[in-house]
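Chain by chain, the residues run as shown.
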Amino acid sequence: MSWFPISTLVTRNAMQRPATRLYPFEQRTPYARTRGHVAFAIDNCDFCTVCAVKCPTRAIVASKKDRTWAIDHSLCILCENCIEGCREGCITLSDKPWPPMLAKDVLGFRQAFESPAV
Amino acid sequence: MTAHAWTLAFAFLILGPLLGALLAGLDRILTARMQSRRGPPLLQPIYDVLKLFEKDTLVVTSLQTLYLWGFLLFMAISGFILFLGGDLLLSLFALAVSGILLCLAAYATNSPYSNIGSSRELMLMMAYEPMLLIVPLGFFLVTGSFRVSDIIAGEPWQVLELGGILIGFLFILTIKLRKSPFDLSSSHHGHQELVKGLTTDFSGSDLALVEIGHWYENVILLGWLYLFFAPLGVAWALPISLILFFGEVLVDNTHARLKWAPTLRLSWWVTGLFGVTNLVLLSLFA
Amino acid sequence: MPLIALLILFPLCAGLAVLSTRDIEQRENLVRWLAYGLGGATLLLALLHFRTEPEFFTLGQGLTGALDNLFMLGGIAVSLYLLYACRQIKGREWYIPVLLLVQMGLMLFVELAPEHPVVARPFYLDSFSVLMALIVGVIGGLICIHAVRYMHDYHAHGHGAQEAKTTCPERRRRSFFFMLFVFLAAMFGIVFSNHLLWLFFFWEVTTLCSFWLIAYSGTDEAVRNGFRALGINLIGGVSFAGALVWLTHGPGLHTWELDQLVAAGSALALIPAVLIAVAGLTKSAQMPFSSWLLGAMVAPTPVSALLHSSTLVKAGVFLLVKLAPVFHNTYAGLLLSLIGGLTFLVTSLIAINQRSAKLVLAYSTIANLGLIVMCVGIGTAATLWAAILLIVFHAVAKALLFLAAGTTAHLIGGRDIEDMEGLVYRRPALAAAMLIGILGMFLAPFGMLLSKYATLQAFLTVEVLPLGGVLLAVIIVFGSAPTLFFWSKWMGKLVAVPRRPQPSELPLPRDEAIALFSLAALTTLACALFPLIDWLFIHPYTGSLIGAGLIPALDGHLPWETIATMSFMLAALFLLPILFWLRPPQFQASSGYLSGANVDGSASYRGAMGAEREVASRSYFLTDFIREGMLTRVGLLGSGCLLILMMLTGAIR
Amino acid sequence: MSLGEPFEDLELDQWVTTAVRHQSEGFRLVQMTGTARADHFEIMVSYDKDYRCVNYRTRIPRDHPELPSLSAIFPAAFTYENELKDLFGVVVPGLTLDYGGNFLRTKTKIAFSGEVVVKKGAATATKAGQEV
Amino acid sequence: MSNTIVPFGPQHPVLPEPIHLDLELDDERVVQALPSIGYVHRGLELLAERHDFTEMAQVAERICGICSFIHSQGYCQGIEQLLGIEAPPRAAYLRTVWAELSRIQSHLLWLGLAADAFGFESLFMQSWRIREAIVDIIEETTGGRVIFGTCKVGGIRKDLDADTVQRVRQRLRDIETGYDELATIFRRDPTVKQRTVGVGLLSGEDAYALGAVGPVIRASGIVRDTRKLGYAAYGELDWEPIVEQAGDCYARCEVRLREISQSFDLIAQCLDRLPSGEIEVSAKGKRPKGEAMFRLEQPRGEVCYYMQANGQKNLERFRVRTPTFANIAPLVHMLKGSELADVPVIVLTIDPCVSCNER
Amino acid sequence: MSFITKSPWILHYAATSCNGCDIELLACLTPHYDVERFGIVNTGNPKHADIFLVTGSVNEESRKVVENLYAQMPDPKAVVAIGACALSGGIFRDAYNVYGGIDKVIPVDVYVPGCAARPEAIIDGVVQALAILDERAKERKRQRKMVAA
Ligand code: SF4
Ligand code: SF4
Ligand code: SF4
Ligand code: SF4
Ligand code: SF4
Ligand code: SF4
Ligand code: SF4
Ligand code: SF4
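First to last, the protein sequences are chains A, B, C, D, E and F. Here the first sequence is numbered in UniProt numbering, starting from 1 and rising by one per residue. Here the second sequence is numbered in UniProt numbering, starting from 1 and rising by one per residue. Here the third sequence is numbered in UniProt numbering, starting from 1 and rising by one per residue. Here the fourth sequence is numbered in UniProt numbering, starting from 1 and rising by one per residue. Here the fifth sequence is numbered in UniProt numbering, starting from 1 and rising by one per residue. Here the sixth sequence is numbered in UniProt numbering, starting from 1 and rising by one per residue.
These are computed hints drawn from the structure, not numbers from a lab. Any given hint might turn out to be false.
[To be verified] Far from chain F by the CB rule (all over 12 Å, computed), these chain C residues:
1. Phe178
2. Leu576
3. Val599
4. Val634
[Stated by the list, open to error] A partial selection of chain B residues facing chain C, derived with a Cβ cut-off under 8 Å:
5. Leu58
6. Thr61
7. Asp87
8. Ala94
9. Ile134
10. Ser149
11. Gly233
12. Val234
13. Ser241
14. Leu242
15. Leu273
16. Thr277
[To be verified] Result set (DSSO-like, lysine-lysine): computed pairs, CA atoms no more than 27 Å apart in a straight line:
17. E:Lys193 - E:Lys336
18. F:Lys64 - F:Lys104
19. E:Lys193 - B:Lys259
20. E:Lys158 - A:Lys96
21. A:Lys64 - E:Lys228
22. E:Lys336 - B:Lys259
23. E:Lys284 - A:Lys64
24. D:Lys49 - E:Lys228
Don't be surprised by glycine CBs; every beta carbon is placed ideally from N, CA and C.
Start from the sequences and build out the full structure, keeping to the hints where you can.
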């Protein structure tokens, strides 16, 4: 009866509720540490560019002169270096993944902010 | 040839694919559930085929389409004969022709995976043909006729007399339905050493033809299975054959794929052990 | 009667005429016309005598006597010629002259018997023999036509050029066609002789011809195989002669007439029938005796087609079919069937291993003859019906295949099935002919299916030993599977699209085209019109046997819808390509799937080491799984035992 | 965890003999690799036995980068040597299975053979800004 | 006589990763199998010129997404050696926990793919179902599902609180029960045995001579597990390397199956003995100098990091020799004479990691 | 609504990915995510596929392969690039054998960011691609009608 264990397993599976998470319809609660995407709040940023320097993929571009900060999510590898580097706490980690994009327009993802934040 | 038989036969031609698609859909849901997945909707096979007709068709050679039409045609003929109550042996031969035409379609593309797929399919045919041929022979010994209508009108206990042959048939049913452990030549699931085996180089409407052919085949095989129990009456025969048919899903999910040589050896052994022994016993005691 | 005489004499004279020509072109034209004439004559015979009751012919006393003496002397001459040829034997072939001498001795013992039976009606004609004559005349004629051009090429290039030129002088080339015609004459003789001694003479002539034709190229291999054929056929000859001795000197039946032998039934005629059956088995290359046919494949292709597919081997089964009523319902008959069955099974399996097209054809020939022998051993009306249909289908389809294989070999320069890749695209006409041949050989609704259908039905209702029938049915069941495999893989090669553009090739010679297309047409017609053949030739024959009470009345015959459905399938198989051709789908072409490593839409891919490699596909030969040597040994041993058993049961009855 | 595994320098002509010696002593080839220097390539090989690893280094000149193959002694060396060939442009006579420069086909050919320019610091933000 | 020639890969459904084999077949017997790689070669060793030595940890982690953690661990420990610092004990233990979690997830992933390679779909699904539970633990503790991102030079980036430790321990026990059932199935199923027993034989001598590593060499009866060097917490835990004798595909599967159980045990030991304290020592201001060869055991076997630095921010030479690279020669050896249907099975039982292999 | 949205078959190719995104993609097929709910089947064969999912960036070898696979997919089809590598080269963008994102060789329709992209994000990406495919299927139908007319 060597096929017995697998048969039991398979029939049990068929009897039980599937393990499937019905993703788009039901969403599970993310863990506290889940790395979804890098979120940015301009309020406290003083454009020190530490984050840009620490970013291994150069996803972040910040300019002290123009007082701009931009991130290209197509480059970000979620390493959290920028978050750890930012002394102002402007960069945080969101537990939601950045949504899929229809165009990888690099400039389009660079969001420039005026100095008194919106 | 009663009017009833003709209706049934034409109903097969038109509704057969639908029924076959439902069987396939159920199969997929059951498989999914056994793997603790949710699985596709019941009509998924139909969506798939309709989608395939929407797609462009890429061919390696235009002749492959010809063979595929032949495959479908002979599949339909085989079922037509069966449901008309005609000659079982003839239905079987039509089935074999259709199988060969499918192999030819794959051979025609002359690309490595298709070729290996069809060579393996031929080996599988070699594995199951003897048993498949023994089934009508068994019926003949019991009822004295190859005709389906006579077999249906047989004695209710003939399924007991044909017990060994039934076992053999269930065995090769696994091969015919392309189920693990015998899904060597192509499988309904992805991920295997032959890519998609036989069907690797079919696309779009060509692939849809193959799928429709398989739906027909599902119904035909269910029909064959039904024949064993037919004298019991529909109320018994249909549920029993459906349960046995879906028993194949369990088999599919509890086995790894075998290689061709063990498959061939095993199926010939089973044919000899169950099929032939049953025939011999029948001819000795009948 | 005059027609029969004509049929026997005409090819003989034709042969002599060919022998006397000097000019090659003239000779070739002559052969063409003679072949047409021969075919025409047999057609005429068929037209005059279809649905005929058996007719027997008497000759004048004087003529019979003269012929008696002529054939006796002829027989001795044949034996002497063969003895002379034996100067080339080597080593273990010493048994050949010994057999020759034994056979000669036995024959003299028969012929010089003090009171031998009188043969009143030395020739006969029934619808079966008419059918056989038709096969011999038409197919033999077509093969001769094919041979005209083929032999031309054979000597012009390839091994024919190197070997035949040195070893075979012009005279030998002239004799080639002479021998073909002599052979056809002898075949007619076999088909129409009721006089067993005369029949035996013709039998010997075919043996001689086959020996000569096989050894034709004169290479050592050819000569050795010629001797092998000779030796094995002589075993049959000795056995035949033994039967004659029994009929002359033995107790009980005392006759030299075939019809009386058959009519005597199993009680009286079993022993001589068994002995003659052994001769039939040797000629039709059944299992212990099959090796000669394989060796004979060294002969030029038309010879293979003629001797080993459509005619010579048919002489063996012809005789067996004739004797079938004797075997009906006997253990010897069952054993005969089993020999056929074993041969069928073993050779079908071995055929999978073969690469060379000719060898596949050879094995499948043996397998098919095995199927016929299976039918004969049971000897009911249905199995005889099946056996005769098998003979017809096999003759046309196999001749077609042999000739097509030969032509292909000449045109594309390779005899392997593997070399025929993409023939449908490279040589559509040739491929179509070959496909028709293959379909005719095994596929529903074509030829073999019908016969298998009938045999299966007959086997399951056989009554000698109920198990025997099942056993035979199981043999068919298991033997059909490999058949399906090797034919399908061959077809697969033919239909595969070629991987690169093919160089322009030689044109198809006219003679070969005529032969091929006529045969293709014949195959198709035979399949489509087999009920007609049945009605014209087979039914009258089995009917007369039933009428004479020799075999039981017709049991379950094919129901009409079965035939109708088959015809419908056949029509579908033909209509589909035509429809397709009229309205081809417009699909975009793309290269095959090569794991994404394709190079520019070709069949090459970028492989390891940066090399561009072309993919290759070879069909499966399963050499690890089906071992030819082992199977052959099992087959030889098994069939040898069965043969001995058959002779014993024959004798014990 | 520092194992204090030794790195020893070898002359080029001892390259093969050392390999033979280690092979006969039951060592196993662990890896081979190279480092590009200004005027030579440093080729390194590691053998181990019972978890002990020994490393050897030799130098081959840039203008004549030839390294005798070890693949006849350690069959597994063929992968490393092909790699050296493709990435460093080293010529390896005696390679048993020679991919002829097609082991690793790269966008930049023989990528490792260039001058070793260690950039001061990581890429700077301003530079990155210009690029984006 | 021509043979069938099949390009196996780079895109092939049985291989999740691109690798190519030129297969030459006689019927279905492999006459020759020539591998061709380079489909994943990125050239990341040279990235050391661009990223400083701390950032390189993130590059190293992405050498492969399956043993991602162990790659970063190996890199960091190598650098620590060059810097002359040592990660605090708590970091060492947590590194071990994550490494073993990563081993379990890798082996389960492999188990699924192997099952898939011989057409056992439900087994594939089942093992990935269990794997998903492990991945959940990984996600909860690190925030990533495949790229952990928790290892850094000098220690680790994230700590686990007592609650989490408790929860993880509990969940692992449940998972282990489910896993045991799966392992039983795998071990006992006759069709699995049909496909693996006696297939792809590699004798101990061959394995050693060809330089096989990891489960491949251990399945051939040779004890070699780099964890025995005692890096991280391994020196302080109770365990013995797992060895099988047969050297066939089945033995290689068996080694991995047992290793999964062993890893469950190792994690439990670590969590039980988890020391308290700091999780990192600062590497601030230090610059790596000298050279080091650091070896550790990945799910697929021994990986070697060679680092050379001369006191600057960037390494002078960074080199990774991954286990799959060492297993290629044995693979080619085993493929010869196998059957086409065995090819995926043999390939998968060395558990190839093309990504790390080609870097 | 065309049927292609109900039965999108996918082809996955790991260009030069680190496996991270690949295993997340595979995870989508397994019980916890089970994309067969949407009729998605992993075909492993370009000729059957509707959506091409590429992970990893393009390098010297994989350039041709990606092109070939794309060419062997029958229309209508869509391409989804998964993970930072496939989008832009990610952390390997500066490596000497990396050309950059997938869009360097074939047109990409949907970009799924992440390193590794989560199964949820991949599912979202495929759903986005369905809308595009729907459009293309309709367009294709129109074209065919025009040819037939
Ligand atoms: S590092 Fe902190 S303090 Fe310095 S500039 Fe950036 S945000 Fe401001
Ligand atoms: S705060 Fe940081 S980034 Fe800004 S200038 Fe100082 S060191 Fe540079
Ligand atoms: S998480 Fe890493 S990659 Fe992403 S922006 Fe921050 S530093 Fe750059
Ligand atoms: S590190 Fe923080 S404060 Fe500085 S630029 Fe980046 S986000 Fe702004
Ligand atoms: S083609 Fe072959 S058989 Fe024919 S003559 Fe030439 S060499 Fe002889
Ligand atoms: S073997 Fe390499 S590429 Fe494969 S999963 Fe492991 S680390 Fe990744
Ligand atoms: S072998 Fe290498 S690439 Fe594979 S998982 Fe391990 S570290 Fe990663
Ligand atoms: S995006 Fe990240 S996880 Fe995905 S392949 Fe690239 S490095 Fe790996």
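- Message: Hint threonine 61 of chain B vs chain C: min CB-CB distance below 8 Å?
- Response: It holds, given that the least Cβ distance between threonine 61 of chain B and chain C is near 4 Å, below 8 Å.
- Taking 8 Å as the limit, does the beta-carbon of valine 234 of chain B come near enough to a beta-carbon in chain C? Hint on valine 234 of chain B: violated, closest Cβ of chain C at ~25 Å, above 8 Å.
- Grab the minimum C-beta distance from threonine 277 of chain B to chain C and call the hint holds if it beats 8 Å, violated otherwise. 10 Å, violated
- Once the closest CB in chain F is found, is it more than 12 Å from phenylalanine 178 of chain C? 60 Å, holds
- Item | Reported absence of valine 634 of chain C from the contact zone with chain F (all CB gaps over 12 Å) | 43 Å, holds
- Task: Verify the interface restraint on leucine 273 of chain B: the C-beta must sit less than 8 Å from at least one C-beta of chain C.
- Result: Violated, because the Cβ-Cβ distance from leucine 273 of chain B to chain C comes to roughly 12 Å (cut-off 8 Å).
- Message: Would the hint linking lysine 64 of chain A and lysine 228 of chain E be met if the CA-CA limit is 27 Å?
- Response: 52 Å, violated
- Status of the hint placing leucine 58 of chain B at chain C (closest C-beta pair under 8 Å): 4 Å, holds
- Taking 27 Å as the top limit, are the C-alpha atoms of lysine 64 of chain F and lysine 104 of chain F close enough? Holds, at about 12 Å.
- Query: Given the hinted pair lysine 284 of chain E and lysine 64 of chain A, is their alpha-carbon gap at most 27 Å?
  - Reply: Given pair lysine 284 of chain E, lysine 64 of chain A holds - Cα atoms ~26 Å apart, limit 27 Å.
- Query: Regarding the hint that isoleucine 134 of chain B lies at the interface with chain C, is the smallest CB-CB distance below 8 Å?
  - Reply: OK, holds: isoleucine 134 of chain B within 8 Å of chain C, min 6 Å.
- Message: Let's test the interface hint: is any C-beta of chain C closer than 8 Å to that of glycine 233 of chain B?
- Response: 26 Å, violated
The earlier numbered hints that this structure contradicts are 3, 10, 11, 12, 13, 14, 15, 16, 21.
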